[in-house]
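Chains C and H, in that order, give the protein sequences. If you read the first sequence in our numbering, its first letter stands for residue 1, the second for the next number, and so on. If you read the second sequence in our numbering, its first letter stands for residue 1001, the second for the next number, and so on.
Since the hints were derived computationally from the structure, they do not count as laboratory data. Given the structure is predicted, the values throughout are model-derived calculations rather than measurements. Quick reminder that beta carbons are idealized off the backbone N, C-alpha and C, glycines included. Take the hints with a grain of salt, since some may be wrong.
[To be verified] For each label pair, taking beta carbons as the anchor points, the in silico distance ranges come out as:
hint : chain 1 : residue 1 : chain 2 : residue 2 : range
1    : H       : Asp1047   : C       : Ile85     : 24 to 32 angstroms
2    : C       : Asp62     : H       : Lys1198   : 48 to 56 angstroms
3    : H       : Asn1028   : C       : Gly118    : 46 to 54 angstroms
4    : C       : Arg81     : H       : Thr1223   : 17 to 25 angstroms
5    : C       : Ile85     : H       : Gly1142   : 39 to 47 angstroms
6    : H       : Glu1232   : C       : Gly103    : 44 to 52 angstroms
7    : C       : Ile85     : H       : Pro1096   : 35 to 43 angstroms
8    : C       : Asp62     : H       : His1094   : 57 to 65 angstroms
9    : H       : Asp1169   : C       : Thr46     : 46 to 54 angstroms
10   : H       : Glu1264   : C       : Asp74     : 20 to 28 angstroms
[To be verified] Residues from chain C that face chain H, not an exhaustive set, calculated with beta carbons under 10 angstroms:
hint : residue
11   : Gln11
12   : Pro73
13   : Phe82
[Said to hold, decoys possible] Here are the computed lysine to aspartate or glutamate pairs in the EDC-like style, where the Cα-Cα straight-line distance is at most 16 angstroms:
hint : chain 1 : residue 1 : chain 2 : residue 2
14   : H       : Lys1053   : H       : Glu1268
15   : H       : Lys1018   : H       : Glu1077
16   : H       : Lys1198   : H       : Glu1168
17   : H       : Lys1215   : C       : Asp76
18   : H       : Lys1107   : H       : Glu1077
19   : H       : Lys1156   : C       : Asp84
20   : C       : Lys117    : C       : Asp23
21   : H       : Lys1215   : C       : Asp74
22   : H       : Lys1136   : H       : Glu1100
23   : C       : Lys14     : C       : Glu133
24   : C       : Lys117    : C       : Asp20
25   : C       : Lys14     : H       : Glu1040
26   : C       : Lys6      : C       : Glu112
27   : C       : Lys14     : H       : Asp1047
28   : C       : Lys6      : C       : Asp23
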Amino acid sequence: MKIVLKRLAVQTRKDKELVDITDVVSEVVRESGVKEGVVLVVTMHTSSGIIVTEGLPCLERDVLNHLGRLAPPDADYYHNRFLDIDGRLGFNADAHLKSILGGIYAIFPIHEGQIIKGSRQRIYFAEYDGPLEREYCIQVMGV
Amino acid sequence: MRIDFHTHPLLVREMWTKYPELEDVARNVFFIRNRSQPLETFFLELDVAGLDKAVLLPIDARTSRGTTIFSNEQIAELCRCSSRFVGFASVDPHAPNALEILVYAVKELGLRGLKLSPPTQEFYPNDAKLMYPIYKEAEALGIPVVFHTGISWEPKARLKYSLPLLLEDVAADFPGLKIVLAHFGWPWVLDAVALALKYPNVYLDTACLYFGNPKEFIAFVMTKQIPLSVIEKSLRHQVVFGSDYPRVEIKNMARAVREVGLSEETLELIFSINPLKVLGEV
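I would like the entire structure built from these sequences, with the hints used as guidance.
Here is the structure:
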C-alpha cells in the first residue's frame, strides 16, 4: 500500500472563479506510481471548494451563478460581525455557504495508473472569496 | 487613476520572509490573524476592485508598543517593487528625532505623506508642544497627514486619543496642511463631518467597517448617520476612498461605496480626483 500526499498552492485571480486542476491531479497520480487505488482532492479552506463538472466556460458560469442565487453575498448573515480570531469582520458567509453547497472534495478511482472518470468530467478548485493564494491537497492511495 | 487611500501591507508574505518580526507585529500589535499572501494577491485585489494604486500606511509606535508597524524603509522598499504603491511615512511623536526622520522619509525615501495613529502611538493630536513642530514640518514639506480617528480594533488602543474633534485645533492652526480623518471618524461621524464642513483642509476617508458587511455599513454611515446629500452637495471634494485592507477586502469596500447611491461625478471625485488632490498631483 502506497500513500502519497501533495500540498499545492493555487493563486486565484478573481472574486469567484473555477480553476481547472484536472491536469495537476493526473500528474500527481502519474508521479505517485500507484496503479490501482483512489485519489482524493480536498481544499484546505472553508470559503473555497472542489467541484466536478463538464469543462465548458458556460457551465462554469452557471455553477457560480447558481451558487450565487443560493447564497447571495448581501443576505442577512449572523457571520457579519467582528471575529477576534481574525482581527476583522467576517462578512463572507456567502463564501462559506457556497463551499458547503458545492462540496470541498472529490474522489476518483485509479486503474492501471490512470484516473477513471468520465470523458467530460473536469476537476475544479472553486474560489468563492478571491483573489487569494489558496491551498489544496491531493492524496493518492493504492498499490 | 483610481486610488485606495488606506491600506496596510501587513500580510505581504515576501516582507514576512525578509523580516520575520513582521508576522508578530501583524498578529500581536496590529491584531490581524489572517494568513500571509504573496504580493501578487495585493495587486489582484486592486484589479478586481477596478483600482490602479494603493496608499501604504505604516505606524511608528516604538515608544508606545516597542515596534514599528512597518518602518518607513520597509514601505519605501515595497514602493520600489511597484509603481502601483504610494508610500506614506510615520514618525514616533515621542521620539526626539521625529522631525529628522520625517524629512529623511520624504526627501530621501520618497514617501508622500505622513500617517499618525493617536490611539496606537498614544498621544493627543492637539498636544501643541509635542505635535505642532511635526505638523509645521509636514506643512513645509507639502505632504498630507492621515490621522486614525474613531474606534480601533487594537486591544491596547484607547479611544480617548481618537476623537475627531481633537483635530479641530490642528485644522484651524495649520490651514495649509491637508488632514485626512481616517475611518470617517466612526462612530463620531457627525463630528468628523462637522470638521470637514468647517475646514476645507479636512478630508474623510471611507475606510470604516465595524459591524455588518461593507455594503450595509457604508449605507448606514452615509445615509442614516448623515444624509447622503451632505457628501453629494457639500463634501464631494473632501472624501477619499479607503478600504483598510487587509481588514477589509478592497473589492468589498469599493463595491459598497459605488453602490451607496452617489452620483458618477462624485464617485469619480472620491476614487480619483480627491486622492490625487490630497497627494498634490492635481
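Status of each hint after checking the structure:
{"no.": "1", "hint": "H:Asp1047 / C:Ile85: 24 to 32 angstroms", "in the structure": "holds, 29 angstroms"}
{"no.": "2", "hint": "C:Asp62 / H:Lys1198: 48 to 56 angstroms", "in the structure": "holds, 54 angstroms"}
{"no.": "3", "hint": "H:Asn1028 / C:Gly118: 46 to 54 angstroms", "in the structure": "holds, 50 angstroms"}
{"no.": "4", "hint": "C:Arg81 / H:Thr1223: 17 to 25 angstroms", "in the structure": "holds, 21 angstroms"}
{"no.": "5", "hint": "C:Ile85 / H:Gly1142: 39 to 47 angstroms", "in the structure": "holds, 42 angstroms"}
{"no.": "6", "hint": "H:Glu1232 / C:Gly103: 44 to 52 angstroms", "in the structure": "holds, 45 angstroms"}
{"no.": "7", "hint": "C:Ile85 / H:Pro1096: 35 to 43 angstroms", "in the structure": "holds, 39 angstroms"}
{"no.": "8", "hint": "C:Asp62 / H:His1094: 57 to 65 angstroms", "in the structure": "holds, 59 angstroms"}
{"no.": "9", "hint": "H:Asp1169 / C:Thr46: 46 to 54 angstroms", "in the structure": "holds, 48 angstroms"}
{"no.": "10", "hint": "H:Glu1264 / C:Asp74: 20 to 28 angstroms", "in the structure": "holds, 22 angstroms"}
{"no.": "11", "hint": "Gln11", "in the structure": "holds, 6 angstroms"}
{"no.": "12", "hint": "Pro73", "in the structure": "holds, 8 angstroms"}
{"no.": "13", "hint": "Phe82", "in the structure": "holds, 7 angstroms"}
{"no.": "14", "hint": "H:Lys1053 / H:Glu1268", "in the structure": "holds, 15 angstroms"}
{"no.": "15", "hint": "H:Lys1018 / H:Glu1077", "in the structure": "holds, 11 angstroms"}
{"no.": "16", "hint": "H:Lys1198 / H:Glu1168", "in the structure": "holds, 9 angstroms"}
{"no.": "17", "hint": "H:Lys1215 / C:Asp76", "in the structure": "holds, 11 angstroms"}
{"no.": "18", "hint": "H:Lys1107 / H:Glu1077", "in the structure": "holds, 15 angstroms"}
{"no.": "19", "hint": "H:Lys1156 / C:Asp84", "in the structure": "holds, 14 angstroms"}
{"no.": "20", "hint": "C:Lys117 / C:Asp23", "in the structure": "holds, 13 angstroms"}
{"no.": "21", "hint": "H:Lys1215 / C:Asp74", "in the structure": "holds, 8 angstroms"}
{"no.": "22", "hint": "H:Lys1136 / H:Glu1100", "in the structure": "holds, 13 angstroms"}
{"no.": "23", "hint": "C:Lys14 / C:Glu133", "in the structure": "holds, 11 angstroms"}
{"no.": "24", "hint": "C:Lys117 / C:Asp20", "in the structure": "holds, 15 angstroms"}
{"no.": "25", "hint": "C:Lys14 / H:Glu1040", "in the structure": "holds, 12 angstroms"}
{"no.": "26", "hint": "C:Lys6 / C:Glu112", "in the structure": "violated, 21 angstroms"}
{"no.": "27", "hint": "C:Lys14 / H:Asp1047", "in the structure": "holds, 9 angstroms"}
{"no.": "28", "hint": "C:Lys6 / C:Asp23", "in the structure": "holds, 14 angstroms"}
Checked against the numbered hints given earlier, the structure breaks only hint 26 and satisfies all the rest.
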